[in-house]
Amino acid sequence: MITKRIIPCLDVKNGRVVKGINFEGLKDMADPVEMARFYNAAGADELVFYDITASVEGRTLFTDILRRVAAEIFIPLTVGGGINTLEDFDRVLKCGADKVSVNSGAIKNPGLIPAAAQRYGDQCVVLSVDVKRVDGRFLVFAKGGRENTGIDALDWLEQGVKNGAGELVVNSIDTDGVKNGFDLELLDAVAKRCPVPIIASGGAGAPEHFIELFANHPGVDAGLAASIFHTKQVEIGALKRTLRDHGIEMRL
Amino acid sequence: MIAIVDYGVGNLFSLASSVKSLGAEVLVTHEAKDLEAATHILLPGVGAFADAAAKLTATGLVPVLRAQTQQKPLLGICLGMQLLFDTSYEYGVHKGLGLVPGEVCPLADDLKDPSLKVPHIGWNALDITPGRESDPLFKYVKNGEYVYYVHSYYAKNCAANTLATSEYSIPVTGAVRQGLVYGTQFHPEKSGDTGLRLLRAFAEL
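Top to bottom, those sequences are chains H and R.
Reading the first sequence from the start, the letters are residues 1 to 252 in the working numbering.
Reading the second sequence from the start, the letters are residues 1 to 205 in the working numbering.
One thing to keep in mind: the hints can contain errors.
[To be verified] Distance ranges between label pairs, derived from CB positions:
(1) H/Asn180 to R/Asp86: 49 to 59 Å
(2) R/Lys55 to H/Asn180: 42 to 52 Å
(3) H/Ala41 to R/Lys112: 35 to 45 Å
These are calculated hints, taken from the structure and not from any lab test.
Glycine included, C-beta positions come from ideal geometry on N, C-alpha and C.
Go ahead and model the full structure; you've got the sequences and the hints to work with.
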């Protein structure tokens, strides 16, 4: 059977990985290529690279890094950040991305997902969304979680799947950074409406959170995290062995 | 030299990089003379069947591929494997290369567990067909190793040519062989060390 997936996320700014870097045993803790190598060897099932650069120079640096990673890491690579047009898809796919994650770009341009799915296939288009509870409803937030769009998150994701998104990254603003576990209520609600693979993001703080996620929420396919992996608070190989000991299928 | 057929479908960067990492000489090409000069041919592919089949036909390489597969090993990957079959039922009925008997059908129609998702995305264990363990493609790969899949359609009615499957409430065709023509539904170039070992075995054929 298919395994659950563990996915480290690398936020890259001006050619460096940022957010919670506290690695031991690496020469340069913030070098994205070295971190990618490290995670590949540690057993990561996939890597997500998020470009949080604003400048043109930073963007050029990012695509250069991506090319270097793709030349030597042979597991799936998903790339997000600043994806607003089909040209952006093309740019990162040519550098070795396998999947492209859209977030704000899909809000600004509702035609982006259908056009990208038609050109590159559903499997290439990942819809990433930042969700926060407002008055008991799950709403979509844009601009890195700063702006309330007023859009119902469940409707948005369902429509995104109909438009051709082949996978979803569901990031809960409410649980992000709290390290108290994933937003299971949100994830279950999404899984009920969306029949594509779902990647949970936001809130992982300990192996128990992944056990709970995969053992009791079968609609979730993968767990994504950044700082807990970067700081080695949770070590990927050990985490995957623990999950397997709990009867969850893992690639080891 | 290993030739990767470039017919304008998908990104060949990772595939070329993975073959290069084995120390093999690689050429991404759409020239008949390169396929003729090659020792091995890789036929990649992503996207929709009809579009890919039309693009491959438009290159004029189909008769060349057909002739070359009599003399040297070819490996079709993902959609490149699906193109090897007689027929695909992806959005209509489309003719494939007919190099491996069988047809390509929607996974969603056949899954026994309706809660399973399509596309079938992720790592799945390779169940090598009993009796096929000694196929040279598996020289460096053991039964049960994990490989990476991303697809919504799958090959069926091809049991006689099936080298391996992966369980997804049904046995999903994972690898096939007809003579020198091989195919993998999974992506060896994205299957970590396991995939590289499989590519190494192919390069040594």
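### Task
Provide an ascending list of the numbers of those earlier hints which the structure does not satisfy.
none
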